[in-house]
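Participant: Chains as they are written, first to last, in my numbering: chain A, 6 to 363; chain B, 6 to 363.
In case anyone wonders, no lab produced these hints; they're calculated from the structure.
Please note that a few of the clues may not be correct.
The list cannot tell twin chains apart, which means a pair is met if one copy fits it or any two copies do.
Below, in silico cross-link-like pairs of lysine to aspartate or glutamate (DMTMM-like), each with a Cα-Cα straight-line distance of 20 angstroms or less [claimed, not checked]:
#, residue 1, residue 2
1, K354, D211
2, K354, E87
3, K134, D151
Number of protein chains: 2
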Amino acid sequence: MSKLENTIAAVTGLDEEAMKQAAARQDQLTKPQGSLGVLEELSIRLAGIQGDPFPAIDRKVIIVMAGDHGVVAEGVSAFPQEVTPQMVANFVAGGAGINVLARHSGAEVRVVDMGVAANIDDPAVIDRKVKPGTDNMVEGPAMTRDEAIACLEAGIEIAEAEVDAGADLLGTGEMGIGNTTPSSAILTVFSGVGVEQATGRGTGIDNGALNVKREVIRRAIEVNRPDPDDGIDVLAKVGGLEIGGLAGVILGGAARRVPVIIDGFISGAAALVAARICPAARQYMIASHVSVEPGHKLILDELGLKPMLFMDMRLGEGTGAALAAGIVEASTRILAEMATFADAGVSEKTGEESSKQR
Amino acid sequence: MSKLENTIAAVTGLDEEAMKQAAARQDQLTKPQGSLGVLEELSIRLAGIQGDPFPAIDRKVIIVMAGDHGVVAEGVSAFPQEVTPQMVANFVAGGAGINVLARHSGAEVRVVDMGVAANIDDPAVIDRKVKPGTDNMVEGPAMTRDEAIACLEAGIEIAEAEVDAGADLLGTGEMGIGNTTPSSAILTVFSGVGVEQATGRGTGIDNGALNVKREVIRRAIEVNRPDPDDGIDVLAKVGGLEIGGLAGVILGGAARRVPVIIDGFISGAAALVAARICPAARQYMIASHVSVEPGHKLILDELGLKPMLFMDMRLGEGTGAALAAGIVEASTRILAEMATFADAGVSEKTGEESSKQR
Numbered sequence: 006m007s008k009l010e011n012t013i014a015a016v017t018g019l020d021e022e023a024m025k026q027a028a029a030r031q032d033q034l035t036k037p038q039g040s041l042g043v044l045e046e047l048s049i050r051l052a053g054i055q056g057d058p059f060p061a062i063d064r065k066v067i068i069v070m071a072g073d074h075g076v077v078a079e080g081v082s083a084f085p086q087e088v089t090p091q092m093v094a095n096f097v098a099g100g101a102g103i104n105v106l107a108r109h110s111g112a113e114v115r116v117v118d119m120g121v122a123a124n125i126d127d128p129a130v131i132d133r134k135v136k137p138g139t140d141n142m143v144e145g146p147a148m149t150r151d152e153a154i155a156c157l158e159a160g161i162e163i164a165e166a167e168v169d170a171g172a173d174l175l176g177t178g179e180m181g182i183g184n185t186t187p188s189s190a191i192l193t194v195f196s197g198v199g200v201e202q203a204t205g206r207g208t209g210i211d212n213g214a215l216n217v218k219r220e221v222i223r224r225a226i227e228v229n230r231p232d233p234d235d236g237i238d239v240l241a242k243v244g245g246l247e248i249g250g251l252a253g254v255i256l257g258g259a260a261r262r263v264p265v266i267i268d269g270f271i272s273g274a275a276a277l278v279a280a281r282i283c284p285a286a287r288q289y290m291i292a293s294h295v296s297v298e299p300g301h302k303l304i305l306d307e308l309g310l311k312p313m314l315f316m317d318m319r320l321g322e323g324t325g326a327a328l329a330a331g332i333v334e335a336s337t338r339i340l341a342e343m344a345t346f347a348d349a350g351v352s353e354k355t356g357e358e359s360s361k362q363r
Numbered sequence: 006m007s008k009l010e011n012t013i014a015a016v017t018g019l020d021e022e023a024m025k026q027a028a029a030r031q032d033q034l035t036k037p038q039g040s041l042g043v044l045e046e047l048s049i050r051l052a053g054i055q056g057d058p059f060p061a062i063d064r065k066v067i068i069v070m071a072g073d074h075g076v077v078a079e080g081v082s083a084f085p086q087e088v089t090p091q092m093v094a095n096f097v098a099g100g101a102g103i104n105v106l107a108r109h110s111g112a113e114v115r116v117v118d119m120g121v122a123a124n125i126d127d128p129a130v131i132d133r134k135v136k137p138g139t140d141n142m143v144e145g146p147a148m149t150r151d152e153a154i155a156c157l158e159a160g161i162e163i164a165e166a167e168v169d170a171g172a173d174l175l176g177t178g179e180m181g182i183g184n185t186t187p188s189s190a191i192l193t194v195f196s197g198v199g200v201e202q203a204t205g206r207g208t209g210i211d212n213g214a215l216n217v218k219r220e221v222i223r224r225a226i227e228v229n230r231p232d233p234d235d236g237i238d239v240l241a242k243v244g245g246l247e248i249g250g251l252a253g254v255i256l257g258g259a260a261r262r263v264p265v266i267i268d269g270f271i272s273g274a275a276a277l278v279a280a281r282i283c284p285a286a287r288q289y290m291i292a293s294h295v296s297v298e299p300g301h302k303l304i305l306d307e308l309g310l311k312p313m314l315f316m317d318m319r320l321g322e323g324t325g326a327a328l329a330a331g332i333v334e335a336s337t338r339i340l341a342e343m344a345t346f347a348d349a350g351v352s353e354k355t356g357e358e359s360s361k362q363r
């Protein structure tokens with residue numbers, strides 16, 4: 006079997022016994038049962054992922070993948086393509102939003118060149134360039150099927166290397182001028198949502214460019230006819246190199262039983278690809294924020310994921326994932342560090358209702 | 006003038022010049038303008054609060070105030086009143102939810118006895134007991150007007166002491182069996198929202214007790230006829246000792262130009278009281294999460310505050326404020342640490358639209 010097939014086969018269900026034990030402990034902690042809401046749910050899911058009733062997060066890594074998009078030739082972005090390598094340099098220098106928020110959350114940042122349309126000659130950038138930018142998807146597929154698989158496998162290998170080095174929480178992030186366009190195309194193909202609803206202003210285009218962007222997406226789907234039941238086909242025809250890499254990171258994390266925080270709209274499109282290729286991987290995905298980009302909420306609904314943060318953000322880079330990483334870590338500390346009713350000598354609920362309130 | 010009057014008079018507007026400078030810097034940072042949403046807004050508001058275009062958060066303190074409620078005699082809570090002092094002991098021992106989340110956010114916790122109906126003989130608890138629990142508000146006012154003012158002034162003094170000791174971010178938290186009942190009463194009186202919508206299950210009462218709770222709130226309002234234009238009157242007649250203390254903390258923070266993060270439903274009721282007494286204090290309030298308790302969203306709407314976290318929490322204690330404290334701090338780091346387009350050599354937006362996209 007290929008690397009990809011092996012990885013998909015390795016993604017299995019959560020550890021029900023560990024989850025049961027974690028849930029039972031949550032119910033003994035000094036609070037009304039269920040009153041920490043998503044923090045409780047997260048801690049229980051992490052128990053299932055790690056196979057440990059006391060899950061712990063010791064090393065958080067945000068993987069930021071960069072790639073360019075041939076479709077920018079159609080005028081779909083407010084920024085010029087040269088910004089992609091410039092921002093890669095900014096990530097390495099530590100001056101971008103993701104660097105600040107990752108430092109604040111105690112997370113490390115990895116920067117990966119999946120397909121920047123410029124030479125990135127920096128040893129601090131992991132070189133997994135599949136090609137220097139996708140082809141223009143209105144003229145044919147963004148990449149070949151083999152290239153799509155190469156992106157996925159690069160992401161899997163990067164996730165594996167991070168897990169081998171001790172990462173127990175991964176987050177996705179990306180940079181790529183034009184990459185909301187393939188993301189909207191992916192959402193449209195997978196969900197059946199109309200192009201109008203799936204497409205927003207990205208980094209901030211005006212109404213004229215928004216109409217162009219929508220028309221470009223319609224044409225790309227018409228020209229390429231991606232098969233919505235085949236995640237690799239959709240990725241190849243209307244996807245992106247960094248999107249494929251991130252889908253691979255999600256699959257690689259899931260196969261190694263490490264949760265992956267999904268950042269914003271583009272990361273969400275990668276999560277859709279990963280979920281179509283391997284539905285079981287969804288259990289390892291944690292939603293972070295909901296973006297201003299209107300398709301993001303639709304993606305989260307499609308994935309059945311509930312965002313924690315409503316911050317009107319739309320930067321990408323993994324910024325939402327970095328903010329959420331601290332909250333995910335907090336959930337494990339609640340489980341491990343809170344006193345039980347018995348420990349603290351606190352009285353439990355009166356009456357007979359206590360077991361029904363969850 | 007009294008302490009309270011002096012404090013109200015000291016709450017002034019934000020520093021517009023510092024806000025303008027912070028906003029101008031946000032627009033030069035390496036991201037599409039406005040793309041960090043609430044993080045940008047927070048950093049700009051903090052600049053206005055601190056009077057510094059580079060606001061900083063160095064010391065975060067969550068003030069957890071405890072008080073009991075005579076109205077529990079009516080059967081409005083799922084937990085017995087003895088839990089209030091038991092949880093105070095748990096706070097001091099470091100085993101409660103707020104302790105864990107404050108440690109995680111790097112915040113300190115202060116525990117204040119505003120009116121627990123038991124002797125709290127612990128030097129680690131700040132003793133500002135106004136009386137051992139409110140009177141039963143269905144039989145008359147919960148406290149006298151003088152007692153309400155004493156609560157407010159205790160809160161002001163505690164905020165002042167923390168600010169004097171270096172706190173530059175305060176958060177509110179509370180503990181008091183039965184305290185969603187006065188909070189729902191306060192919301193009803195101030196907002197005109199019906200008792201049905203303003204009243205929820207608190208720590209988890211069943212349908213029968215929920216009906217009792219609603220009837221109790223209706224009777225308390227009918228018996229006491231609090232004047233919605235007089236925040237002190239509402240606090241005295243249908244409020245709580247810890248609620249008054251927290252309203253004082255908010256006023257004291259605002260008067261010293263320190264932002265105050267509002268936790269959940271009960272803290273929100275305290276914020277309503279503070280805003281009625283001193284409308285200018287609203288500019289110093291930062292919303293954290295939105296609680297499962299249905300009245301909380303109504304309170305935030307009434308205050309014009311937008312929550313960041315949607316975590317289905319309903320514990321109180323300051324747990325939402327502690328989670329949000331890390332995000333508020335992150336906003337200042339974005340402003341201080343991100344590179345500008347010029348610093349990083351990143352190209353700005355193409356075309357003529359760039360100044361209009363905010």
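Participant: Hints numbered earlier in the text: which of these fail when held up against the supplied structure?
Facilitator: Structure breaks no hint.
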